[in-house]
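Sequences are here, hints too, so could you generate the full structure?
Protein chains: 2
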Amino acid sequence: MTAPVTILVNTQLSENIGAAARAMKNFGLSELRLVAPREEFPNKRAYDLAAHAVDVLDKARIFATTREAVADLKRVYASTARPREMVKAVYTPPEAVAHMAEENLPTGIMFGPERTGLTNKDVAVCDAIITIPTAELASLNIAQSVVVIAYEYFQKTCNLQPVTCNLVHKSEFATKEDLQGFLDHLERRLDEVDFWKVYEKKAKMWINLQNIFTRSSLTEQEIRTLHGVIAAVIKL
Amino acid sequence: MTAPVTILVNTQLSENIGAAARAMKNFGLSELRLVAPREEFPNKRAYDLAAHAVDVLDKARIFATTREAVADLKRVYASTARPREMVKAVYTPPEAVAHMAEENLPTGIMFGPERTGLTNKDVAVCDAIITIPTAELASLNIAQSVVVIAYEYFQKTCNLQPVTCNLVHKSEFATKEDLQGFLDHLERRLDEVDFWKVYEKKAKMWINLQNIFTRSSLTEQEIRTLHGVIAAVIKL
Chain R
40 MTAPVTILVN TQLSENIGAA ARAMKNFGLS ELRLVAPREE FPNKRAYDLA AHAVDVLDKA
100 RIFATTREAV ADLKRVYAST ARPREMVKAV YTPPEAVAHM AEENLPTGIM FGPERTGLTN
160 KDVAVCDAII TIPTAELASL NIAQSVVVIA YEYFQKTCNL QPVTCNLVHK SEFATKEDLQ
220 GFLDHLERRL DEVDFWKVYE KKAKMWINLQ NIFTRSSLTE QEIRTLHGVI AAVIKL
Chain D
40 MTAPVTILVN TQLSENIGAA ARAMKNFGLS ELRLVAPREE FPNKRAYDLA AHAVDVLDKA
100 RIFATTREAV ADLKRVYAST ARPREMVKAV YTPPEAVAHM AEENLPTGIM FGPERTGLTN
160 KDVAVCDAII TIPTAELASL NIAQSVVVIA YEYFQKTCNL QPVTCNLVHK SEFATKEDLQ
220 GFLDHLERRL DEVDFWKVYE KKAKMWINLQ NIFTRSSLTE QEIRTLHGVI AAVIKL
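Here the protein sequences come in this chain order: R and D.
If you use the numbering used here, the first sequence corresponds to residues 40 to 275, in order.
If you use the numbering used here, the second sequence corresponds to residues 40 to 275, in order.
The hints are simulated quantities; they were obtained by calculation from the structure and are not laboratory data.
Predicted model only: the values in this text are computed from it and were never measured.
Be aware that one or more of the hints could be misleading.
Where chains are identical, the list cannot tell them apart; a pair therefore holds if satisfied intra-copy or between any two copies.
Claimed, not checked - Simulated pairs of lysine-lysine, DSSO-like, Cα-Cα distance not exceeding 30 Å:
1. Lys160 / Lys113
2. Lys215 / Lys113
3. Lys113 / Lys243
4. Lys113 / Lys241
5. Lys127 / Lys195
6. Lys215 / Lys240
7. Lys195 / Lys215
8. Lys215 / Lys243
9. Lys215 / Lys241
10. Lys160 / Lys236
11. Lys160 / Lys240
12. Lys243 / Lys127
13. Lys113 / Lys195
14. Lys215 / Lys127
15. Lys241 / Lys160
16. Lys127 / Lys236
17. Lys127 / Lys160
18. Lys240 / Lys127
This is the structure in structure tokens:
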């Protein structure tokens, strides 16, 4: 999938240009176009907010009009929350990214100025609208909108590991035999100190106790530690 | 689904607290907890960046420690990109939100300070980790991380079917305060029997030991049982 170009139209605050660049870089986007930014660009505040995304700002190109900024593109999406009286598709961010991936064309995503958003004239240039679903009375900052859409782009395109739940561990998970060895050790010691007191209650209590450890996905190292705890701690 | 609480730990810049509040409100989150913010709070810069989310800041509660901030919660997620040598589930934002919806418990999401992120000690308190997939050499701003996770929360809940918790348990899940009470008890006893032997090793060993219990989703009944085990078993 061709990475889309980010187009910021008439941005008022340079901080937002910097924050947008930072979000872009975090999520694998690199091409920034600025249409008539209100403050002189480049400037320090943009760079301060860009953090590691210096290269995104260095390479940013400035255009006088949206028309020029989109000239070489084949698809343009307008990011806007405001309903427009236009016959135009409105997508959520993941829907828009799915379309981009499907079409795989040179694409731009256009974001309007902070206070007013894109004009109808600018939206008219766009093929479709992206609206980020929000709670009522939302007030999305322009850089926050870039975060969400860039994030969705990256989720779609990155080769996410196929694991859903990645347990981070240095040590291998223990076998059931190792786990059972620990549970046997624990049970023996609890018997020795007469933990159960009322023997009839043991069966149920012991099942409950085992469950605490059974569902922890213990590693080999942790099993060794737990053996150590029992050995060190129970004084007979 | 119960909306998760946002917990910002040792935040350096008040602007980030404001921007986080704005993102929260945009995506239907309202409860903000601040653990020892580095600048005096409330302050003007936080409110300037919060835009319409004044109420989120007005209601924000300040805690001296993460421990106090999570005391009444039953699940806590750590937002961190740094791999940790801990045995703990790592979820993407949509996976984490799916878990939250399934469990429907009082939940917090913890974000660390700007430069350093969460300490291992803070992560050890958490049930699982949320890592936002990013491009290489990413540098996610804390408020941008809040945007992504809050966005995913809203996407999940805005068309969510009513869910019931399918976890089978007779007893309620323990609060973090209850869990911490047990861990304190265990640590005290291990200190008393000089379990650590080489004191320098304690910090790491203790984090590993805590993680075994932190990720077990212990119920109130199980916490009581574990207190009982320690009390019965350790003979001084």
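Against the structure, the hints come out as follows:
Taking CA atoms no more than 30 Å apart as the test, Lys160 paired with Lys113 passes inside one copy only; the shortest distance there is 18 Å, against 50 Å between copies. Proximity of Lys215 and Lys113 under a CA criterion of 30 Å is satisfied in both settings, with 6 Å inside one chain copy and 28 Å between copies. Proximity of Lys113 and Lys243 under a CA criterion of 30 Å is satisfied in both settings, with 24 Å inside one chain copy and 25 Å between copies. In this homomeric assembly, Lys113 and Lys241 come within 30 Å of each other (Cα to Cα) both inside a single copy, at 26 Å, and across copies, at 28 Å.
Within a single copy, Lys127 and Lys195 get their C-alpha atoms as close as 23 Å, and across copies as close as 25 Å, so both meet the 30 Å cut-off. Taking the closest pair of Cα atoms, Lys215 and Lys240 come within 30 Å of each other both inside a single copy (25 Å) and across two copies (28 Å). Proximity of Lys195 and Lys215 under a CA criterion of 30 Å is satisfied intra-copy only: 25 Å inside one chain copy versus 36 Å between copies. Taking the shortest Cα distances, Lys215 and Lys243 sit within 30 Å of each other both inside one copy (21 Å) and across copies (25 Å).
Taking the shortest Cα distances, Lys215 and Lys241 sit within 30 Å of each other both inside one copy (22 Å) and across copies (28 Å). For a Cα distance limit of 30 Å, the shortest separation of Lys160 from Lys236 inside one copy, 21 Å, qualifies, whereas the shortest one across copies, 37 Å, does not. Proximity of Lys160 and Lys240 under a CA criterion of 30 Å is satisfied intra-copy only: 14 Å inside one chain copy versus 37 Å between copies. Proximity of Lys243 to Lys127 under the C-alpha cut-off of 30 Å is found in both arrangements, the shortest distances being 15 Å within a copy and 28 Å between copies.
With identical chains, the CA atoms of Lys113 and Lys195 are at most 30 Å apart within one copy only, with a shortest distance of 20 Å there and 32 Å across copies. Within a single copy, Lys215 and Lys127 get their C-alpha atoms as close as 16 Å, and across copies as close as 19 Å, so both meet the 30 Å cut-off. For a Cα distance limit of 30 Å, the shortest separation of Lys241 from Lys160 inside one copy, 12 Å, qualifies, whereas the shortest one across copies, 36 Å, does not. Only within a single protomer do Lys127 and Lys236 lie at most 30 Å apart by alpha-carbon distance; the minimum there is 26 Å, versus 35 Å between protomers.
Within a single copy, Lys127 and Lys160 get their C-alpha atoms as close as 13 Å, which meets the 30 Å cut-off; across copies the closest is 51 Å, which misses it. Taking the shortest alpha-carbon separations for Lys240 and Lys127, only the intra-copy value of 20 Å comes in at or below 30 Å, while the best inter-copy value is 33 Å.
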